[in-house]
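**Q** One-letter residues, chain by chain:
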Amino acid sequence: MFTSSNRESVGVRPRSIGTVALLVALLTLTGCPYDPLPMPRRPRPRPRPPVIEGPTRPLPGPDYQEEASQGDRADQLLRAEIEYLEAAGPGSDGQRLTALRLTSEAWDFAAAGDEREALELLERAVAIDGSSGFAYLYLARLHYRATAYGAAEQFLARARPLLPPDRRLNRALDRFEYDLANRPIADPAIQR
Amino acid sequence: MNTKKRSRLRRFTTVLLILVPPLLAIAGLWTWVEYRAIDAVLVEKFAGRRWDFPSKVYTDTYTVYPGLVLGEGFERRLHSLGYLRVQAVPTRRGQYRVSEVPSRIDLYLTAFEYPARRENGRLIEIALDANSAVASLREMPTGKRLSTFVLEPTLLAGLHGELREDRHEMKIDEVPLPLVRSVLAVEDRRFFEHPGVDARGLARAFFVNLFAGRVRQGGSTLTQQLMKNFFLTEERTISRKLREAAMAIVAERRFTKLEILEAYMNEIYLGQRGSVGIHGMWEASRFYFGREPAELTLGQLATLAGMIRAPNYYSPHEHPERARERRDVVLSLLSEQGEIDIDAYRAAAVEPIDTVPAVTATQNGLHFVDFVREELKENYPADVLTTEGFTILTSLDPELQAFAVEAVADGLRRIEETPGRPEAPSDARLEAALIATNPRTGAILAMVGGRDYKQSQFNRAVQGRRQPGSVFKPVVMLAALGSERVGRVHFLPTTIVPDAPFVWEYEKGMKTWRPENYGDEYNGGVAIRDALQFSVNTVTARIARDVGIEAVRDLAMRLGVEPGIPALPSISLGSWEVSPFEMAQVYGVFANSGFLAKPLAVRSVVDRSGSAVEGNAIKIERRIPATDAYLITQLLEGAVERGTGRSVRRYGFTAPAAGKTGSTNELHDAWFVGYTPDLLCVVWVGYDRDVRLGLTGSRAALPIWTQFMKDAIEGRPQPGFRPPPGVLVENVDPVTGLLASSDCGPGVPTAFLEGEEPQHYCHRRDLEVRRNANGGRIDDRGRDGDQDLGRAPRTGAGRVDPGSRDRYDESNVYLFE
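Residue numbers (our numbering), protein chains in the order written: chain G, 1 to 192; chain U, 1 to 817.
This is chain G alone, in the form it adopts within the complex:
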């Protein structure tokens, strides 16, 4: 509403002689200037430029959710565990199931480029079930995609002992670990 253009366009244009006369009379009757006039405010310091920590940028490079021919093993195991717990019905481990579902949903968001929402969901999954290896693994992947290799390494290390023992998954994790160990120079803005 208060754009510069319409401010300029709203000039002083007398509407009627009566109003102007009234104004003159009022100002004259007031008898003194508005003393002291309210001083214009000092421009306030703006907050620092946004610092968004955590994964925010997509990254070229190896993507561990895709194991070319066989599909992603972690994804398969995650879905299998969700299906298993859902089939178990009421009374099954609600915390675990919720954390797994959130992890799965998070990865859908990440795939769609909404990494902030993905991060939010994964952190919620960890808060609900801190023993969910999948949540940590996907956090590692998310940070890897954002070139935050240090964080990815830590989350991967946290995830490994919590994940189900599976030879194909272990091979993929070994490769992930290897790539992290031989990673390119990480972005200093994101690195811890």
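Derived by calculation from the structure, the hints in this document are not laboratory data. This one's a predicted model, so the numbers in the text were calculated from it and none came from an experiment. Just so you know, even glycine gets a beta-carbon here, dropped at the ideal spot from N, CA and C. Misleading hints may appear alongside valid ones.
Stated by the list, open to error - Covered stretches of chain U (chain G as the covering partner; in silico rule of three or more C-beta atoms under 8 Å from a C-beta of chain G): (1) 54-67; (2) 114-120; (3) 612-622.
What the hints assert, rightly or not - Just the calculated beta-carbon pair ranges, DEER-fashion: (4) K508(U) x D179(G): 29 to 39 Å; (5) R171(G) x V503(U): 52 to 62 Å; (6) E714(U) x P165(G): 32 to 42 Å; (7) R171(G) x P357(U): 56 to 66 Å; (8) D179(G) x R413(U): 55 to 65 Å; (9) G652(U) x D179(G): 44 to 54 Å; (10) G548(U) x D179(G): 37 to 47 Å; (11) P165(G) x Y761(U): 21 to 31 Å.
Using the hints, position chain U against chain G.
**A** Frame of chain G; chain U shown alone:
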């Protein structure tokens, strides 16, 4: 007319012609100067920042998911958020219904601006099972299944500057038309016709007041009211009224009616939340009715409009009857002026004044708010925080915070009623601090910095540094038992260490230190496991000497104690001062499989436009191997089951937990630190001054911890601690340190690094040999002040670490000096 008269008239006319034009010119010039000055001020006010918007600090959100037990706490939470319980299916945001058969809750979420998205409010159906656990979640009316939904956070505090005003800016196109009509009907019905000052209105008010003999009616227009609120004082003088009128006229010439109306709708004062003023229709709408103006009924909008005249007198919270009468006046005016038809009038007039409870910022978390403010100071100047209107989402759990405050208050009251405690000076006040975190995420869930924030803003949970006493012992034990072998010597949990006085020479023999047990009682030899669980000082000190005090110091800093610890022998018994916050980090590493989760208080900062300006993710970093963390956790579980912390069980806390008591010299400070896999809590009790508390950690701090933890975990499943790969838990005979067997009686579960576990089962003859070699039971009475809690098992033994064989005999018994 004679010549004289004519000449006088001519002279007068001449003088008039000479004087009037310059006078008029001067008056005109002066008017123009004044006009420009007022205009500049108005433009500055309108086009620049019109108001200061305090930032608001919120707790964490609450995630509801299948399996979660929704007890009474859930309804309490809804009430504290301003939700209104209704009997029918909720039709508006901020309402909920509880049905018994079938057991379910229908909840209409309110709108909230989250960092990544906006919750617009939707109806959720929460189906409950027989245990009040969530069976399923569905979004209505679509019936879409949800895996979770998030309940908005609770307001913790507003960060105000000098002006303590709460306000949320609303654009004119967001103001519902019935609200505009109601306000105009009751405050300024000719708003769209007058030039800022309403001569007719003034005349009417003048005569009304004249006949009444007192001021009954004001003649101020909305514009005049706005000018008064923006620029002038409340003084009732002619001069002020004239200034107000002049400014109103200038404002009307400078800005459109809608611009003025928008400013008015946001500026107007409409009540009080504690010491903070409620300004603007949006804020008032949320405060009184829990919803945004667009969602209010005609009756509710008329109530708000009616309050303008005297907000506190007509407050629907304090005086609902007065508010109703005033609302009816507004409705009558609307009807008279033809703004509403008779049906609308009747419908609105029978509406109840259904306000939501006055949601005030909770007073429970003010030490935490200070902590958050300090943290934010690094990135934002103080006046930015008080004017930019940030939404600051934090990690605090309001329910846990309430439990923490209650546990501390109850605990301190109990202590003060304990007979036989040393007399404290009359001006010394017993204090406590509590900090609870999620060790896996680092989120600070509850923080009590002292007994009463109003009396003392000093945050003992973060700023208070006291000797930790025995709660430091796990660090020493970790240095001795850990796989990283940070110390010079490696021990096993079953290694027997002499429990006898000794002299520790340091600084090349120039200085000596003589550690003692509490009560000066010694029992020959104690297994390391039992030394930690029963808090034996001499054994801990002896171990610290052998692994090297530098190694212990370095390890403490690696675990989260702030740098600067001197490498002095006495630090092994916790003589170096630390804060509860630091101890939470140290124990958090044990609880989180060796990873330190960076403490997380501020989750995100969102500006008024809904954009995130800061977001803090979980950060973890490995500090020790998972195997080492588990060794300590398993030992501390034993402390809770059998050792100095076993009152935890006596007070009814049954979930798997690990913990350690702590008391300092002369019983000045009492500590208890304990954790489950998901929740860690540190409690300190003592005086700010050098005054003796006279109670141990198990008697002063442990009951507070237990009360808090019992409340905090109620209804949540509690998994136990799982040993990581590389650790074996064996049932070990407490006397011989060998694998338990039917010959020797029940064993004690003891964790070993893989390969270090005992290989042989205990035989009767081993038991006899040990009994004869090292006399009898260890009497724990008098140790660490945790007397009368029970007895430690007799001395045990385990396998020998080959690397340190020279200090041990073949059965892993420490060689006595």
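**Q** Please go over all the hints and tell whether each is borne out by the structure.
**A** Here's how the hints hold up against the structure:
A stretch counts as covered by a chain when three or more of its residues have a beta carbon under 8 Å from one of that chain; for the region 54-67 of chain U and chain G the count is 4, and the coverage holds. Restraint check on the region 114-120 of chain U versus chain G: 3 residues with Cβ-Cβ distances below 8 Å, three needed, restraint holds. By the rule of at least three residues with a Cβ nearer than 8 Å to a Cβ of chain G, the coverage given for the region 612-622 of chain U holds, with 11 such residues. Remark: the range hint 29 to 39 Å for K508(U) to D179(G) is contradicted by a beta-carbon distance near 50 Å.
Taking 52 to 62 Å as the suggested C-beta distance range, the pair R171(G) and V503(U) conforms, at roughly 57 Å. Checked against the given bound of 32 to 42 Å, the beta carbons of E714(U) and P165(G), roughly 34 Å apart, stay inside it. Separation of R171(G) from P357(U) is about 58 Å and conforms to the stated range, judged on CB atoms against 56 to 66 Å. Checked against the hint of 55 to 65 Å, the C-beta distance between D179(G) and R413(U) comes to roughly 58 Å, which is consistent with it.
As the Cβ distance of G652(U) to D179(G) is approximately 50 Å, the hint placing it in 44 to 54 Å holds. With their beta carbons about 38 Å apart, G548(U) and D179(G) fall inside the hinted range of 37 to 47 Å. Between P165(G) and Y761(U) the C-beta distance comes to about 30 Å, which sits within the given range of 21 to 31 Å.
In terms of the numbered hints stated before, the structure departs from hint 4 and from no other.
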